[in-house]
Amino acid sequence: MAFRQFGAAATVTVALALASPAHAVTELQWWHAMTGANNDVVNKLAADFNASQSDYKVTPSFKGSYADTMNAGIAAFRAGTAPHIMQVFEVGTATMMSATGAIKPVYQLMKDAGEPFDPKAYLPTITGYYSTSKGDMLSFPFNSSSTVMWINNDELKKAGIAEIPKTWPEVFAAAKKLKAAGHETCGFSNAWASWVHIEQFSAWHNVPIGTKANGLDGFDTELKFNSPLHVKHLQNLIDLQKDKTYDYAGRANGGEARFASGECAIFLTSSGYYGTAKSTAKFDFTSAPMPYYPDAAGAPQNSIIGGASLWVMGGKKPEEYKGVAKFFTFLSDTNRQADLHQKSGYLPITKAAYEKTKADGFYEKNPVLQTPLKELTNKEPTENSRGLRFGNMVQMRELWSEEIEAALAGKKTAQEALDAAVARGNAMLRTFEKTAK
Amino acid sequence: MEKSVVFNNKLLPYLLLVPQLIITVVFFYWPASQAVLQSFKREDAFGLTSEFVGLENYQSLFAQPEYYKSMLTTLIFSSLVAALSLSIALLFATQADKNLKAAGTYKTLMIWPYAVAPAVAGVLWIFMFHPSLGTLARPLRWMNFDWNPLLNGNHAMTLVVMAAVWKQISYNFLFFLAGLQSIPKSVLEAGAIDGAGPMRRFWTIVFPLLSPTTFFLLVVNVVYVFFDTFGIIDAVTGGGPAGATTTMVYKVYADGRLGGDLGGSAAQSVVLMVIVIALTAVQFKYVERKVQY
Amino acid sequence: MVEHRPLNDIIAYAILTLGVFIVAFPVYLALIASTHDAATVVGGSMPLTPGSQALENYYRAIFVGGSRTSREPVAHMLINSFISAIGIAVGKIFISILSAYAVVYFRFPFRKTAFWIIFVTLMLPVEVRIYPTYKVVADLKMLDTYAGLIMPLIASATGTLLFRQFFMTVPEELLEASRIDGAGPFRFFWDTLLPLSVTTIAALFVIQFIYGWNQYLWPLLITTQDSMQTIVTGIKKMLYTTDELAEWQLAMATAILAMLPPVAVVVFMQRLFVRGLVETEK
Chain A
1 MAFRQFGAAA
11 TVTVALALAS
21 PAHAVTELQW
31 WHAMTGANND
41 VVNKLAADFN
51 ASQSDYKVTP
61 SFKGSYADTM
71 NAGIAAFRAG
81 TAPHIMQVFE
91 VGTATMMSAT
101 GAIKPVYQLM
111 KDAGEPFDPK
121 AYLPTITGYY
131 STSKGDMLSF
141 PFNSSSTVMW
151 INNDELKKAG
161 IAEIPKTWPE
171 VFAAAKKLKA
181 AGHETCGFSN
191 AWASWVHIEQ
201 FSAWHNVPIG
211 TKANGLDGFD
221 TELKFNSPLH
231 VKHLQNLIDL
241 QKDKTYDYAG
251 RANGGEARFA
261 SGECAIFLTS
271 SGYYGTAKST
281 AKFDFTSAPM
291 PYYPDAAGAP
301 QNSIIGGASL
311 WVMGGKKPEE
321 YKGVAKFFTF
331 LSDTNRQADL
341 HQKSGYLPIT
351 KAAYEKTKAD
361 GFYEKNPVLQ
371 TPLKELTNKE
381 PTENSRGLRF
391 GNMVQMRELW
401 SEEIEAALAG
411 KKTAQEALDA
421 AVARGNAMLR
431 TFEKTAK
Chain B
1 MEKSVVFNNK
11 LLPYLLLVPQ
21 LIITVVFFYW
31 PASQAVLQSF
41 KREDAFGLTS
51 EFVGLENYQS
61 LFAQPEYYKS
71 MLTTLIFSSL
81 VAALSLSIAL
91 LFATQADKNL
101 KAAGTYKTLM
111 IWPYAVAPAV
121 AGVLWIFMFH
131 PSLGTLARPL
141 RWMNFDWNPL
151 LNGNHAMTLV
161 VMAAVWKQIS
171 YNFLFFLAGL
181 QSIPKSVLEA
191 GAIDGAGPMR
201 RFWTIVFPLL
211 SPTTFFLLVV
221 NVVYVFFDTF
231 GIIDAVTGGG
241 PAGATTTMVY
251 KVYADGRLGG
261 DLGGSAAQSV
271 VLMVIVIALT
281 AVQFKYVERK
291 VQY
Chain C
1 MVEHRPLNDI
11 IAYAILTLGV
21 FIVAFPVYLA
31 LIASTHDAAT
41 VVGGSMPLTP
51 GSQALENYYR
61 AIFVGGSRTS
71 REPVAHMLIN
81 SFISAIGIAV
91 GKIFISILSA
101 YAVVYFRFPF
111 RKTAFWIIFV
121 TLMLPVEVRI
131 YPTYKVVADL
141 KMLDTYAGLI
151 MPLIASATGT
161 LLFRQFFMTV
171 PEELLEASRI
181 DGAGPFRFFW
191 DTLLPLSVTT
201 IAALFVIQFI
211 YGWNQYLWPL
221 LITTQDSMQT
231 IVTGIKKMLY
241 TTDELAEWQL
251 AMATAILAML
261 PPVAVVVFMQ
271 RLFVRGLVET
281 EK
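Residue numbers (this note's numbering), protein chains in the order written: chain A, 1 to 437; chain B, 1 to 293; chain C, 1 to 282.
No wet-lab data here; the hints were simulated from the structure.
Predicted, not measured: the structure shown is a model, and the values here were computed from it.
Check each hint, because a few of them may be wrong.
Said to hold, decoys possible - Subject to a maximum C-alpha distance of 25 Å in a straight line, what follows is the list of computed SDA-like cross-link-like pairs (lysine to any residue):
(1) B:Lys10 x C:Ser178
(2) B:Lys3 x C:Ala14
(3) C:Lys141 x A:Lys244
(4) A:Lys411 x B:Leu140
(5) A:Lys224 x B:Ser60
(6) B:Lys3 x C:Asp144
(7) B:Lys41 x A:Arg424
(8) B:Lys107 x C:Asp9
(9) A:Lys57 x C:Ala14
(10) A:Lys244 x B:Met157
(11) B:Lys107 x B:Ile183
(12) B:Lys185 x C:Ala14
(13) A:Lys176 x B:Trp147
(14) A:Lys356 x A:Glu383
(15) A:Lys244 x B:Leu136
(16) B:Lys98 x B:Lys3
(17) B:Lys3 x C:Glu173
(18) A:Lys232 x B:Asn152
(19) A:Lys177 x B:Asp146
(20) A:Lys57 x A:Glu27
Claimed, not checked - Sample of chain C residues facing chain A (criterion: CB under 8 Å; computed from the structure):
(21) Lys112
(22) Thr113
(23) Val136
(24) Ala138
(25) Asp226
(26) Lys237
What the hints assert, rightly or not - Sample of chain C residues lacking proximity to chain B, with all beta carbon distances greater than 10 Å (derived):
(27) Val27
(28) Pro73
(29) Val103
(30) Arg107
(31) Val128
(32) Ile130
(33) Lys141
(34) Tyr146
(35) Glu176
(36) Thr192
(37) Val198
(38) Gln225
(39) Ala258
(40) Met259
Here a beta-carbon is modelled for each residue, glycine too, at the ideal position from N, C-alpha and C.
Isolated chain A (complex conformation) (with noise of 0.2 Å):
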């Protein structure tokens, strides 16, 4: 048995028997991948909302990387002790939308408790992921991110680095000029190799990642981001890897210390890195928009999100889902989302939000956090940069991010790697449509 549990469950019993002896607590599970400051962030809005009332206690817990809360929530849900609430990272939500009966959509969970639930209060671009095509929302968006390119501004100004570069060529220049300043093994590197070299590279230059709006439209869609464009871009990585001026840096956000160590001084990863940045960067840093090839037609269009939205599991008592239903309304108040956006650099999901963050002047004083927010509205959005939502879309990453490295370790041309990326991803595809009937 789990001692400690025990006894902080008996310490809790003991407490509450003390204070009101006929008051039943419903205790709600949710399980999530923050780790760092975000950690902090995630346990002071649970620790806030049980504090704002007496029915409800909800319970965070950490349970490693997103593939890992992902996994322990997908077994727990075999084993039936899922939890209430689980985060899903966004590539996940394919999978998710298509369980039907192990998940209890949002919008289904507000009507049924009761809640006061107006989906048009939040954001388009970030509820349209993680809404059906007819608008209703399924899964609560909680950290929602872009990728933006993150600056050591001190570095830059030493290698003789005037302006923050903007387009890709201007990067490779510029990572040059750090190598020869003293930056050996790290001109630039990014973090989440397949989400920003394939992901958000084609939605910001409007060239499908594959047919069907990206798979927004259905899930018999076909991968296609094996175009000259993307060959291109891949060729020049690999080019650049030869001598470091870039650095590989992992498939998820692992290499992010080396831009806080000084490593790398260009850095593409999620805005939601802001938090840890703010912490451990011992530099003057900003962040800038994506780069993007000046010759490529339409280029730059828009990102689209990342990040992670909470899913209500399936099976659970009304009572509960009725708990579920006050803390989702909780966690959207204005100044509670305005608040988050802030300390966490995640965008804000309510236009309140944001409308009030505008309005306080916080983006004068911290265009940083403005950036993910500019790249996501910079044009209206086409068929390439929606979203995307592709079946085993998380298996489908590590085979993306397995050919890239293919590709930088010299294994395969960047032609070959994409084909094969393409082609594998299209098997994983057509088993996933098989299954999701």
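With chain A fixed as given, assemble chains B and C onto it according to the hints.
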């Protein structure tokens, strides 16, 4: 071999067998048959739907270049680990067998890595060779050697092989030492009288006499690489980069993860079962003629 | 006596010392890392001599946990590891000594069948049937329980074979003698066979304890609660789930703690360990 004097109770022997039989049936036969069944089915991640698809999982498995690659990786990995750990262990065992006064102490100092969990061994090695903070990656950097296990498949493979060999030396050492000590000294003395030098004595007399031990260890080492190195791979490389360290067992795990392809993963389980049964059959064929301890 | 040359001895000592060095160095490094502060370890220029943070690091690893994640402190993982390792060892000894007793000392219909049913398990370790086993354990509602951690790992024939082997070597006169004394199967087992088996039991216990302690894939899959985690699975998560610089000094302290119990068993019970190793492979 059979006892001639036995008890005659009718019910008791069954009762004695019940605990093990129950556990074996529930945790071995049931899952093993489920694996076979699952390999003919397609199921979604949450287990909500399931459909019989015949041999489709096998067909798509054998159409995957990655599957053959994982076979090749397993083969390379096993050969490297077996060859290196056996030869290093044999070198140390022959030295410890030289009637040294401190042989016992050396034995104690050599065998304990057996007790280190493979996953922990992996963590120790990644710490030593971590590109940015590893103590042993530093000299590599000074030599301007681009040590990059994150991207270079050969570097990643080298790292997992080193960790796997490190852990397996102790086991092989122990068995080689026992094998060496069981060789009668008179045989060696006869060789010495014939004027054979130590090296020649080793290759013409000792090594052939050790061959049953060597063969037995070879099989054990291959089984070790197949299954016990999972922890090392997961801790050090996660099967990457670009699948360079994805062995067959690791692929079973990786493909079934997140319920992505449970059918394909089960089909791989079945293939592995066939391979392991074949391996074990080989082992049994020779097990009787094994070393005399 | 074959010729004995001093030079030969010197070479032997030199090679062996090198061997001990190779074997010990990774652990030495971990030990050193666990005594420095985070910045020194991560900076890439850690000295090869101990630092001053040992107490602090071990205290934090055991009782507090990582600063930036909500991971469990190691003390709890150690308890889980002990319970599952001892459970696996004791469970396997219990079921296998009974079934070996039945197979060797009784004649009954389907004796051979029962033996083969058990024997076949030798061939397929849990890794090859990992997800189906997971499913079975999930269906039995044993995820995140000690029973789930332990039971699938004792479904193996190694212990049964070992005891069968040993019982075969027990002189038949002993059984005859105790039958003359009027002893039934229970008394014979308890008074005669069990005392004779003590060394074999102990040897098997040592091997199985190490086997159970070092399990990785299985606990990784079936434990989703932090409170059920074992120390071997805990270390990896310490290193790979943080946005920040990983706390290597704590991970290394944890690695040392994870190694300590099984290594101590091997070193202090070497005789039993060697015996167990040799006999379980027969």
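Hint by hint, here is what the structure shows:
1. B:Lys10 x C:Ser178: holds, 20 Å
2. B:Lys3 x C:Ala14: The hint is violated at about 51 Å.
3. C:Lys141 x A:Lys244: This hinted pair is violated, its Cα atoms lying about 51 Å apart.
4. A:Lys411 x B:Leu140: holds, 23 Å
5. A:Lys224 x B:Ser60: Measuring from Cα to Cα gives roughly 22 Å; hence the hint holds.
6. B:Lys3 x C:Asp144: Since the Cα atoms of Lys3 of chain B and Asp144 of chain C sit roughly 44 Å apart, the hinted pair is violated (cutoff 25 Å).
7. B:Lys41 x A:Arg424: holds, 20 Å
8. B:Lys107 x C:Asp9: holds, 16 Å
9. A:Lys57 x C:Ala14: violated, 65 Å
10. A:Lys244 x B:Met157: Status holds; Cα separation ~22 Å.
11. B:Lys107 x B:Ile183: Holds. Lys107 of chain B to Ile183 of chain B sits at ~18 Å (cutoff 25 Å).
12. B:Lys185 x C:Ala14: With Cα atoms ~24 Å apart, Lys185 of chain B and Ala14 of chain C stay inside 25 Å; holds.
13. A:Lys176 x B:Trp147: Given pair Lys176 of chain A, Trp147 of chain B holds - Cα atoms ~21 Å apart, limit 25 Å.
14. A:Lys356 x A:Glu383: The given pair, whose Cα atoms are some 30 Å apart, is violated under the 25 Å limit.
15. A:Lys244 x B:Leu136: Holds, because 21 Å separates the two Cα atoms, which is no more than 25 Å.
16. B:Lys98 x B:Lys3: At roughly 42 Å apart (the allowed maximum being 25 Å), Lys3 of chain B and Lys98 of chain B break the hint.
17. B:Lys3 x C:Glu173: Distance of about 11 Å is within 25 Å: holds.
18. A:Lys232 x B:Asn152: holds, 22 Å
19. A:Lys177 x B:Asp146: holds, 21 Å
20. A:Lys57 x A:Glu27: holds, 5 Å
21. Lys112: Violated: closest Cβ of chain A sits about 38 Å from Lys112 of chain C, beyond 8 Å.
22. Thr113: violated, 34 Å
23. Val136: Not OK, violated: Val136 of chain C not within 8 Å of chain A, min 11 Å.
24. Ala138: holds, 4 Å
25. Asp226: Where the cut-off is 8 Å and the nearest Cβ of chain A is about 7 Å from Asp226 of chain C, the hint holds.
26. Lys237: holds, 6 Å
27. Val27: violated, 7 Å
28. Pro73: holds, 18 Å
29. Val103: The claim breaks: Val103 of chain C does not keep its Cβ more than 10 Å from every Cβ of chain B (closest is about 8 Å).
30. Arg107: violated, 5 Å
31. Val128: violated, 4 Å
32. Ile130: The claim breaks: Ile130 of chain C does not keep its Cβ more than 10 Å from every Cβ of chain B (closest is about 6 Å).
33. Lys141: holds, 13 Å
34. Tyr146: Answer for Tyr146 of chain C: holds, closest chain B Cβ roughly 15 Å.
35. Glu176: violated, 6 Å
36. Thr192: Correct as stated: the minimum Cβ-Cβ distance to chain B is 13 Å, above 10 Å.
37. Val198: The assertion about Val198 of chain C holds, with a minimum of 20 Å to chain B.
38. Gln225: Consistent with the label, Gln225 of chain C stays out of reach of chain B, its closest Cβ about 19 Å off (over 10 Å).
39. Ala258: Given a closest Cβ separation of 5 Å, the condition is violated.
40. Met259: violated, 5 Å
The structure is inconsistent with the numbered hints 2, 3, 6, 9, 14, 16, 21, 22, 23, 27, 29, 30, 31, 32, 35, 39 and 40, although it conforms to all the rest.
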